[in-house]
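Protein chains: 2
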Amino acid sequence: MSDEQVKKRGLTADDYVEGVLNQNRAIIARTITLVESNAPKHFELAQEVLKRLMPYTGNSIRIGITGVPGAGKSTLIEAFGSMLCDEGHRLAVLAVDPSSTVSKGSILGDKTRMETLSKHPNAYIRPSPSGGTLGGVARKSRETMLICEAAGYDVIFVETVGVGQSETTVRSMVDFFLVLMLTGGGDELQGMKKGVMEIADAIFINKADGDNKQPALNARSEYNRLLHYLQPATPGWETKAYTVSALTGEGIPGIWNVIREYEEKMKESGFFEERRISQLSEWMDRLIEDELKRTFYQKEEVLNLLPDMKKKVSDGIIPLAQAVKELMEVYRA
Amino acid sequence: MSDEQVKKRGLTADDYVEGVLNQNRAIIARTITLVESNAPKHFELAQEVLKRLMPYTGNSIRIGITGVPGAGKSTLIEAFGSMLCDEGHRLAVLAVDPSSTVSKGSILGDKTRMETLSKHPNAYIRPSPSGGTLGGVARKSRETMLICEAAGYDVIFVETVGVGQSETTVRSMVDFFLVLMLTGGGDELQGMKKGVMEIADAIFINKADGDNKQPALNARSEYNRLLHYLQPATPGWETKAYTVSALTGEGIPGIWNVIREYEEKMKESGFFEERRISQLSEWMDRLIEDELKRTFYQKEEVLNLLPDMKKKVSDGIIPLAQAVKELMEVYRA
Numbered sequence: 001m002s003d004e005q006v007k008k009r010g011l012t013a014d015d016y017v018e019g020v021l022n023q024n025r026a027i028i029a030r031t032i033t034l035v036e037s038n039a040p041k042h043f044e045l046a047q048e049v050l051k052r053l054m055p056y057t058g059n060s061i062r063i064g065i066t067g068v069p070g071a072g073k074s075t076l077i078e079a080f081g082s083m084l085c086d087e088g089h090r091l092a093v094l095a096v097d098p099s100s101t102v103s104k105g106s107i108l109g110d111k112t113r114m115e116t117l118s119k120h121p122n123a124y125i126r127p128s129p130s131g132g133t134l135g136g137v138a139r140k141s142r143e144t145m146l147i148c149e150a151a152g153y154d155v156i157f158v159e160t161v162g163v164g165q166s167e168t169t170v171r172s173m174v175d176f177f178l179v180l181m182l183t184g185g186g187d188e189l190q191g192m193k194k195g196v197m198e199i200a201d202a203i204f205i206n207k208a209d210g211d212n213k214q215p216a217l218n219a220r221s222e223y224n225r226l227l228h229y230l231q232p233a234t235p236g237w238e239t240k241a242y243t244v245s246a247l248t249g250e251g252i253p254g255i256w257n258v259i260r261e262y263e264e265k266m267k268e269s270g271f272f273e274e275r276r277i278s279q280l281s282e283w284m285d286r287l288i289e290d291e292l293k294r295t296f297y298q299k300e301e302v303l304n305l306l307p308d309m310k311k312k313v314s315d316g317i318i319p320l321a322q323a324v325k326e327l328m329e330v331y332r333a
Numbered sequence: 001m002s003d004e005q006v007k008k009r010g011l012t013a014d015d016y017v018e019g020v021l022n023q024n025r026a027i028i029a030r031t032i033t034l035v036e037s038n039a040p041k042h043f044e045l046a047q048e049v050l051k052r053l054m055p056y057t058g059n060s061i062r063i064g065i066t067g068v069p070g071a072g073k074s075t076l077i078e079a080f081g082s083m084l085c086d087e088g089h090r091l092a093v094l095a096v097d098p099s100s101t102v103s104k105g106s107i108l109g110d111k112t113r114m115e116t117l118s119k120h121p122n123a124y125i126r127p128s129p130s131g132g133t134l135g136g137v138a139r140k141s142r143e144t145m146l147i148c149e150a151a152g153y154d155v156i157f158v159e160t161v162g163v164g165q166s167e168t169t170v171r172s173m174v175d176f177f178l179v180l181m182l183t184g185g186g187d188e189l190q191g192m193k194k195g196v197m198e199i200a201d202a203i204f205i206n207k208a209d210g211d212n213k214q215p216a217l218n219a220r221s222e223y224n225r226l227l228h229y230l231q232p233a234t235p236g237w238e239t240k241a242y243t244v245s246a247l248t249g250e251g252i253p254g255i256w257n258v259i260r261e262y263e264e265k266m267k268e269s270g271f272f273e274e275r276r277i278s279q280l281s282e283w284m285d286r287l288i289e290d291e292l293k294r295t296f297y298q299k300e301e302v303l304n305l306l307p308d309m310k311k312k313v314s315d316g317i318i319p320l321a322q323a324v325k326e327l328m329e330v331y332r333a
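Residue numbers (UniProt numbering), protein chains in the order written: chain A, 1 to 333; chain B, 1 to 333.
For the record, the hints were derived by calculation from the structure and aren't laboratory data. Please note that a few of the clues may not be correct.
As the list makes no split between identical chains, a pair holds if one copy fits it or if it spans any two.
16 Å max Cα-Cα, derived EDC-like pairs, lysine to aspartate or glutamate [what the hints assert, rightly or not]:
no., residue 1, residue 2
1, Lys-119, Glu-238
2, Lys-311, Glu-282
3, Lys-311, Asp-290
4, Lys-325, Glu-44
5, Lys-51, Glu-18
6, Lys-267, Asp-209
7, Lys-293, Glu-329
8, Lys-325, Asp-285
9, Lys-213, Glu-261
10, Lys-51, Glu-274
11, Lys-267, Glu-115
12, Lys-240, Glu-115
13, Lys-265, Glu-250
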């Protein structure tokens, strides 16, 4: 079946599954679009396809990537990703960006940001699912990750822009979490987002080139000093800071060395598999929670009563538990 | 009405409200027991009492206190609390300890730990509500806090032992969050619980006495160095580290100075009130979430299906979203 043909007609579950397993890029894209769909009519088919792809998933290393704005995430992904693809790896770059609009105008995963990489036959770049809650966006990216694994991509990058809780969410779907940082005169580490350092498996200080190299090395020492005092994100692994230059390429092969060492160590200790299992369980709890909240907050009677209750509580007219009880009664009615 | 009399018969809402407002210790205790009750028959009365006490609440400074095991929380609360009571403040010491058992054998808030303070006429010490989820325990402590405020306690300590998410939960119910730390040879800051430093408004390094004084001062510098690089827990307030000795009393008055300065600054900026309002809204969302989860996980059909679904998901037999959908169908049926 040619790419032209698959675009013309609706696909069956067989078509999707076969296309993904045969690494047909057009079908991979359509499968992702299918699982990203919010239309109830697509749900059954999407889940059927995913179900049949399940046995082929899990064989990649899942790498989360975040960084402060301006840290050069795109350039780094371009340089690091191209290296991996040149070495024969098949790389999928996904994104979790809950701030992206319905227009699919997400900056994340945008192919124009990674021109060389996007043209590489071994790379597949997919922008963030658009709109919706962080939970919804992340769920879709997680399913996309599984599709890419079934399509034989052995390295998955999950990039996040760092809005709200997005880092924690991405951390909960990847094996390794990489944080990209910058150095800056004097206050090298200032303004770090709360808790991010504590979920990192490695910190890379980018733009360690030219005049910026020495400050970057200083920042690395400072980070290592701080990291020493924090509990590691992964038990049995020491999170460290490194310098890298996406511009000159210096330090880029080192990223992969760190990740490989991590993978080997964690597979040896059994924590690699253990984390994946607990991640799955946590995801299930979280999806249930999201679903419960959705049914509650979408109920018309609840929506009608909520503003009044919130006001009465904040004005001190009724106690919190009383307000919640009344809302729950309306929800259950 | 004598204490003996109130013990004998059931109280009306009037009795409770009047007793609390008149600062009758026996009635305060019974009111707290009433709101802590899990019996559905007590709910209406408890909420009625709380509702009538609402106009008298809010006039305290709410201080969260946590610390690593062995940091000397009890000794510090005893010393700091006694000082406040001697100065004429009325102090309530509450606790949030989700690990405490049904036997009410909680170590937190235990009067035997704070012998001097517990005998002070201006102090009221209440152990953690026992059993249940963190959310449930915290909800009860929050309501107890309101009762104590209505009873004229102008300083509230909410102590937590630091199990699971308890610090974050306590942070969400107090104005000021104090973290007690220790120093130790070389690795002064090692083993700090993830994220705790980032929700602290002040860090006090205890046991800064004798041979330990210099190491404590060194640890203070080290903490200040770290804190400088983190976003402050409270916008417009610089979290700093201090040394204190609950044993010698050195630094104890300084704790109060820091808190007073904080209160003044935050009231001036309006953030004090702003945080209380947003805390209330967050608590409401959280109570709703807890209630939704409770109704879901208590439903027999859900409980019957859940283990099977979890297994099928972790064995890769069905996709996550499919499992959640089936569970939701059973829940709604």
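Each hint, compared with the structure:
| no. | hint | in the structure |
| --- | --- | --- |
| 1 | Lys-119 with Glu-238 | neither (36 Å within a copy, 48 Å between copies) |
| 2 | Lys-311 with Glu-282 | between (34 Å within a copy, 13 Å between copies) |
| 3 | Lys-311 with Asp-290 | neither (25 Å within a copy, 21 Å between copies) |
| 4 | Lys-325 with Glu-44 | between (35 Å within a copy, 10 Å between copies) |
| 5 | Lys-51 with Glu-18 | within (13 Å within a copy, 63 Å between copies) |
| 6 | Lys-267 with Asp-209 | neither (34 Å within a copy, 46 Å between copies) |
| 7 | Lys-293 with Glu-329 | both (15 Å within a copy, 15 Å between copies) |
| 8 | Lys-325 with Asp-285 | between (23 Å within a copy, 12 Å between copies) |
| 9 | Lys-213 with Glu-261 | neither (25 Å within a copy, 42 Å between copies) |
| 10 | Lys-51 with Glu-274 | neither (22 Å within a copy, 48 Å between copies) |
| 11 | Lys-267 with Glu-115 | neither (34 Å within a copy, 52 Å between copies) |
| 12 | Lys-240 with Glu-115 | neither (30 Å within a copy, 46 Å between copies) |
| 13 | Lys-265 with Glu-250 | neither (25 Å within a copy, 48 Å between copies) |
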